[in-house]
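Participant: Chains F, S and W, in that order, are what the protein sequence lines are. Heads up: the first sequence is residues 1 to 318, going by the working numbering. Heads up: the second sequence is residues 1 to 318, going by the working numbering. Heads up: the third sequence is residues 1 to 318, going by the working numbering.
Mixed in with the good hints there might be a few duds.
Said to hold, decoys possible - 27 Å max Cα-Cα, derived DSS-like pairs, lysine-lysine:
{"id": "1", "chain 1": "W", "residue 1": "Lys-3", "chain 2": "S", "residue 2": "Lys-300"}
{"id": "2", "chain 1": "F", "residue 1": "Lys-35", "chain 2": "W", "residue 2": "Lys-24"}
{"id": "3", "chain 1": "F", "residue 1": "Lys-300", "chain 2": "S", "residue 2": "Lys-300"}
{"id": "4", "chain 1": "F", "residue 1": "Lys-300", "chain 2": "S", "residue 2": "Lys-25"}
{"id": "5", "chain 1": "S", "residue 1": "Lys-3", "chain 2": "F", "residue 2": "Lys-300"}
{"id": "6", "chain 1": "W", "residue 1": "Lys-2", "chain 2": "W", "residue 2": "Lys-35"}
{"id": "7", "chain 1": "F", "residue 1": "Lys-25", "chain 2": "F", "residue 2": "Lys-300"}
{"id": "8", "chain 1": "F", "residue 1": "Lys-25", "chain 2": "S", "residue 2": "Lys-3"}
{"id": "9", "chain 1": "F", "residue 1": "Lys-35", "chain 2": "W", "residue 2": "Lys-300"}
{"id": "10", "chain 1": "F", "residue 1": "Lys-18", "chain 2": "F", "residue 2": "Lys-169"}
{"id": "11", "chain 1": "S", "residue 1": "Lys-300", "chain 2": "W", "residue 2": "Lys-2"}
{"id": "12", "chain 1": "F", "residue 1": "Lys-18", "chain 2": "F", "residue 2": "Lys-197"}
Unchecked claim - Some residues of chain F that are not near chain W, with every Cβ distance over 12 Å (derived):
{"id": "13", "residue": "Val-7"}
{"id": "14", "residue": "Val-67"}
{"id": "15", "residue": "Val-84"}
{"id": "16", "residue": "Ser-97"}
{"id": "17", "residue": "Lys-179"}
{"id": "18", "residue": "Ser-194"}
{"id": "19", "residue": "Asn-233"}
{"id": "20", "residue": "Cys-251"}
{"id": "21", "residue": "Pro-254"}
To be clear, the hints were calculated from the coordinates, so they are not data collected in a lab. Positions of the beta carbon are idealized from the N, C-alpha and C atoms, including for glycine.
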Amino acid sequence: MKKFFSVEDVVDIYDLIKEALLLKKNPYSFQHIGKNKTIGLVFFNPSLRTRISCQKAAFNLGCSTWVLDIHRDSWTIEMDDGNVMNLTQEHLKEAISVMSLYCDILAVRTFPNLSDKNYDDQEIIFNKILNYSRVPVVNMESATLHPLQSLADVMTIAEYTSFFRKKCKVVLSWVPHVKSLPHSVANSFAQWISKIKQIDFTITCPERYNLHKKFSNGAYITHHQNEAFINANFIYAKNWSSYLDYGKILCKNPNWMITENKMKLTNQAKFMHCLPVRRNLVVEDAVLDSKYSIVLQQAKNRIYASQIIFLRILQSLS
Amino acid sequence: MKKFFSVEDVVDIYDLIKEALLLKKNPYSFQHIGKNKTIGLVFFNPSLRTRISCQKAAFNLGCSTWVLDIHRDSWTIEMDDGNVMNLTQEHLKEAISVMSLYCDILAVRTFPNLSDKNYDDQEIIFNKILNYSRVPVVNMESATLHPLQSLADVMTIAEYTSFFRKKCKVVLSWVPHVKSLPHSVANSFAQWISKIKQIDFTITCPERYNLHKKFSNGAYITHHQNEAFINANFIYAKNWSSYLDYGKILCKNPNWMITENKMKLTNQAKFMHCLPVRRNLVVEDAVLDSKYSIVLQQAKNRIYASQIIFLRILQSLS
Amino acid sequence: MKKFFSVEDVVDIYDLIKEALLLKKNPYSFQHIGKNKTIGLVFFNPSLRTRISCQKAAFNLGCSTWVLDIHRDSWTIEMDDGNVMNLTQEHLKEAISVMSLYCDILAVRTFPNLSDKNYDDQEIIFNKILNYSRVPVVNMESATLHPLQSLADVMTIAEYTSFFRKKCKVVLSWVPHVKSLPHSVANSFAQWISKIKQIDFTITCPERYNLHKKFSNGAYITHHQNEAFINANFIYAKNWSSYLDYGKILCKNPNWMITENKMKLTNQAKFMHCLPVRRNLVVEDAVLDSKYSIVLQQAKNRIYASQIIFLRILQSLS
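Produce the entire structure from the sequences given, and follow the hints as far as they go.
Facilitator: Here's what the structure looks like:
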């Protein structure tokens, strides 16, 4: 694996999930591969799970890590080309090129601006990063995708379905939020799920909240949440801002919150969320604290999702 | 050892001190125990000594570490239950549970609010953290206690008294300060000292500055600093806000500052402070820079205090 | 090597460069020396290259590291002596002394104030740090010098001149900037270059921008940039504020920017800069993106510059 931007960089998703679950059983079995290797973690935006799970994954592989919170620890970064840099201190080109000299894998998080749809959709920033880096780049969340999260999510579903031997219905449900949020988790989840034939996939969201078709293709889409929940085995809750009216909040209807009552419509579905989650806005305490909630299993799998990706890249280096 | 919240988690304090002093002589003798173990250090509040000494202690044991400054690196944290989280981004329950999945020991610093006495006294936050974590938790300072500091303090006294073979008089003296400070260092020091029979312990502070009885029980308490200093072998200086008038500053009398003249009342007492210390407000330069000052020995012992606690917990895991 | 403040701490600069270039070929050959050693990196000011290249250098040597951004992670620091510390939380003396207890080498970055010339020139802060530390100190940029950068710079020139077998002309050219910048990179570069006999060294800058003579001694100085560029083999671009009118910006003339046309005056000179660099203010895109730009080689050499210094100090410890 020469880079990890999206599921499209994965040759066989079933193999990848299988190996990630094997790593979970024997997390220290590849430490020789990480010897003298360094993974650089660069954050343009805050992080808790991604930051720490990637560090833990690197430790498990015997790698050293450095972490840079770029706007805070270093300089203001110029993203555009050709400007006279009166206001910014360092161009993305130099920043990324240089950082890539100091590590063997560069993992980067950068959020969308949620104002310029084309700019975000074309992943301008991440593609520049891919272009500037001298070493393989891992996507720790970009303008439109969050593939390490999605890999952890499908691993979790694999664990609860005896590796997809049971057919299952997975529902991605839009939920209310107070802020304008990226589409990356939802896009990426839809994209990964679409590669797993055994999954019957439904997306439910308010009108004008449909995701970009290139990610949600193949999903059954409905604006009736109750209908979607019937017979579901997994409810994945996530807010996103409108894609059509790009970055706008069109709906704050609290009826979209996941409640215990709604969960009763399902086939004893597991409750999933990528975290952080706003309690009693996105989901009722009663659901998040119930035995059906598997959000911590998802979070735990973040370690092994990162670890298998780092491992595959390290293997391709030697 | 399954957790380290206070001295009450220690079976035999003399044994603990003895082993910590042995570690100081052979700091790298237990590196096999830390192999593939990770210690997570979580700061809700700033730190210099604790942050670095805990990292050094972990390195000495062969552990890897990650550090999270939670409000700055990640999300705003909801501490209360049942709220609609319109304003906060992640609940303490998820934050702690998840972080505890990414390490083998979770060390946490969280300060008191100094406004709600019962809330602080009951250690609501720290008890939640203990409850949410899936791995042993170490107290890097909580609302009412700072036990790693106190262990380093008693280690230092042990070094100067041939392991308590000489009886000694230890005085905890309140000193002036410009800010409202926690009681944790003073409480914790009093609590640890009270377990050591060979120490004659005096606390001196202005009126209405007495500490909570459950920590200061057994100490001789006087509001006359000069009286307290007579025959003292160790002067431990520390400011705290009023406990009776909770969190208030009732006294700014500069006469409580530790001066060279006052030290002359003692039996050539050593001067102790947990640091950071405000010079010429808490203590005169002449005292802090004298040969009687042992604040750096205390600081050095912070490494081995943390290390023995981490070691005991790691031993209990395997 | 007992400390690394400037080139004056180096016995034989040619030997040092030679060994640094050997390390570049075999970066992991001295890992036994770093075992159980810790390097502390302390930043009073932001950093990207220095922060990460020093971490990578430490990893290459088998050392562990901790990083402290002192004003942000810990307390406000009192730099002066004798004050009543009503406003600052910890004195530099305690901060440095304590940090030096938690590591084997202490590397520190601290910038000039650019207002009090004597204070900066005498390196008051750095000399205090040297005095307070119990372990060897490495200069990661001080008020007047940035020797790790300069070592990387001369290594880079060595690589392009078959280790100075070809005589060459090196030009340090002042360039425009919007902010008042330190003299450290320019001073230090001049000081290191002056030790290499095979280099013909020219400094070009506007009037009243001459550097302190003790660093620029031996250089040919001209206020005519075009004249300086003729026959140059290396153009090193760097802004600094006036030294005579200390810290002031006297010239913003954009004609001092390095352009493709100006580079044509040279003998196909390589373009050098320490980074971060403001594009189209300091240097045209066309130059920075050309094959003559060697700024990334300089940045890469930052690893081995730090590594050889850390290695020499570690060797002197044992």
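Participant: Hint by hint, note whether the structure agrees.
Facilitator: Hints and how they fare:
| no. | hint | verdict |
| --- | --- | --- |
| 1 | W:Lys-3 x S:Lys-300 | holds (22 Å) |
| 2 | F:Lys-35 x W:Lys-24 | holds (17 Å) |
| 3 | F:Lys-300 x S:Lys-300 | violated (36 Å) |
| 4 | F:Lys-300 x S:Lys-25 | violated (38 Å) |
| 5 | S:Lys-3 x F:Lys-300 | holds (22 Å) |
| 6 | W:Lys-2 x W:Lys-35 | holds (19 Å) |
| 7 | F:Lys-25 x F:Lys-300 | holds (12 Å) |
| 8 | F:Lys-25 x S:Lys-3 | holds (26 Å) |
| 9 | F:Lys-35 x W:Lys-300 | holds (20 Å) |
| 10 | F:Lys-18 x F:Lys-169 | holds (21 Å) |
| 11 | S:Lys-300 x W:Lys-2 | holds (22 Å) |
| 12 | F:Lys-18 x F:Lys-197 | holds (16 Å) |
| 13 | Val-7 | holds (30 Å) |
| 14 | Val-67 | violated (9 Å) |
| 15 | Val-84 | violated (4 Å) |
| 16 | Ser-97 | violated (6 Å) |
| 17 | Lys-179 | holds (25 Å) |
| 18 | Ser-194 | holds (38 Å) |
| 19 | Asn-233 | holds (45 Å) |
| 20 | Cys-251 | holds (39 Å) |
| 21 | Pro-254 | holds (38 Å) |
Of the numbered hints listed earlier, those contradicted by the structure are 3, 4, 14, 15 and 16.
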